[in-house]
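Participant: Chains as they are written, first to last, in this note's numbering: chain A, 1 to 322; chain B, 1 to 322.
Please keep in mind that the hints were generated in silico from the structure rather than gathered at the bench.
Within a straight-line C-alpha distance of at most 20 Å, the following computed EDC-like cross-link-like pairs (lysine to aspartate or glutamate) qualify: (1) A:85 - B:56; (2) A:259 - B:235; (3) B:85 - A:56; (4) B:259 - A:235; (5) A:186 - B:274; (6) B:186 - A:274.
Between beta-carbon pairs, the in silico distance windows are: (7) B:256 - A:186: 30 to 38 Å; (8) B:5 - A:51: 44 to 52 Å; (9) B:308 - A:124: 54 to 62 Å; (10) B:254 - A:200: 30 to 38 Å; (11) B:309 - A:189: 44 to 52 Å.
Even for Gly, the Cβ is constructed at its ideal location relative to N, Cα and C.
Number of protein chains: 2
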Amino acid sequence: MGAPLDLASAVAKSLVLSNLVGHDSHGIIRLMEYSGWVQSGNLIPNAYPKVEWTRESTSLIDGGWGWGQSASYLATETVIDSARKYGTATVVLSKTNHVGRLGEYVDLISKAGMMGIAFCNTGGPIVAPFGGVKRVLGTNPFAWSVPGSADFDYVLDFSTAVVAAGKIIMAGMSGESIQPGSLLDKAGKPSVNASDLADGGSLLAFGGHKGSGLSVLIDVAAGILSENMPAAISDSGFGNGTIFIAVDVSRFVSLDLFKSVASQFENIMHNAGEPNSVLLPGEFEYQTRCDREVNGISISSGIRENIEETAKRYGVSLSGLL
Amino acid sequence: MGAPLDLASAVAKSLVLSNLVGHDSHGIIRLMEYSGWVQSGNLIPNAYPKVEWTRESTSLIDGGWGWGQSASYLATETVIDSARKYGTATVVLSKTNHVGRLGEYVDLISKAGMMGIAFCNTGGPIVAPFGGVKRVLGTNPFAWSVPGSADFDYVLDFSTAVVAAGKIIMAGMSGESIQPGSLLDKAGKPSVNASDLADGGSLLAFGGHKGSGLSVLIDVAAGILSENMPAAISDSGFGNGTIFIAVDVSRFVSLDLFKSVASQFENIMHNAGEPNSVLLPGEFEYQTRCDREVNGISISSGIRENIEETAKRYGVSLSGLL
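One chain only, chain A, in its complex shape:
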């Protein structure tokens, strides 16, 4: 697509990792979408992100409207370095395309012995605020991690929409109805008919006014500080304004103590229900990764066709790969 090898490798690594941990919606199926953005000029494939400035424990990263994954890796490194020096740090990432899966970056922060928070606003309003009937908010995801037990860190990563737009669109294609409380039609009435989304309806935020409030804070904070602007105001309707925060655990307690208490807490959680009924945040991803590292990643026929079509567009031979 015109990306130099190092940028292409970073994006490939990030997408495959999403498949590996079980989030196929954020995996290699995205290549086709990215290809469209490169062709439309929204994604500049050879743009390198750069640290625009660092002042004490704050930094601004300029993504140059390139690959969001490369920009996010730079933002993650920067926030970890600053938090090591100052105890805590905040990095704002501006002018970037789809950053991928936020959970990947906060996991890197917790692997560095820190608490990590990341959230971004998303281009194009599609979620109605609590009490409203029109699209105002993006799907605005939020991620939060802390060092966990020896096996895995606790990584929370969710969309503030009840369900991902992609899942509703796919349900609409196959004529399935969707769970009540996820969708309004274009008149603002509750709907379980997935095709109402494409017809001008709105997604709902998770958790009533609480989830809607989180989405509002993300749109305002990440939208304005990144100058991407909230989805409902942005002219471009494009890109992810993203904020990364890190806090060095060892300033307050030893990392060993933190992880030891976390393990104790993990046991209590596991005993709070039937076996395997209670998972820690990040545990599904850890279990899926363990399984897929041994057994490989199954690709649906839809994803396979998607990759084949993308490869054909660039004259790439997939023989021996699929």
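Based on these hints, arrange chain B on the given structure of chain A.
Facilitator: For chain B alone, kept in the frame of chain A given last:
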């Protein structure tokens, strides 16, 4: 209760402010509960909080097991001062009693032109994690603010439990049933019978696995960094381990620009539904405050009796006050 005038004034101001903005559950009704803690020795009424240490943009506040409100005011001042100097700051508050309404403190942070985040774990497990049937988590509240329009800042403040334990206990007293999805009985079955909570049942977290995940992160992060320990591990089952984070908006964009875009966003939100159907986070509190500053705060007979009983305990005359 043995508090010096300055500490007593700070607590009184904080409690009345909660009544003023419409959160009577966090208002002067708490005096009776605090009095019990003073009598049991959990709350040391003349203990002053102190900044244990500050290293670059991180600080630890030792509440000395005194009043949570005074300790939180010190934590809020400290995090604002540090964020002014370093751009962003994190303050952990340890060894403190009930901090009151987190929204009050993040509102002070946004009034200083900053984004504020605060969350705390709460003593005594009462919430079952998603997928579980036993009490593991506290009601672990989360608050987040940014500078808003000219009228008010956007202040989100919620319990990660579906409903406050206090509301369920009050419903139980009056024999009311509660909304489905809020409660499990002691056998782990869904219940709408409020008395099942007192009988060993569990509250549920809001928003399914997402809200439950937020509660887990709060219990682990705030519980361990403050050394209060997660509710399910703490021996004392007491106090609020609290984390305050501030980010100086003016490092990234001018405060005027931030507030001007926020106002524009507020208008879009207000037009997303019927008049007064869509509120920004903090708008209910702003409206209630405007009303109560003019018309006064109505006190229910239950709160009145509560105050009278507390006053009698300390030989305080309320004549002319109630």
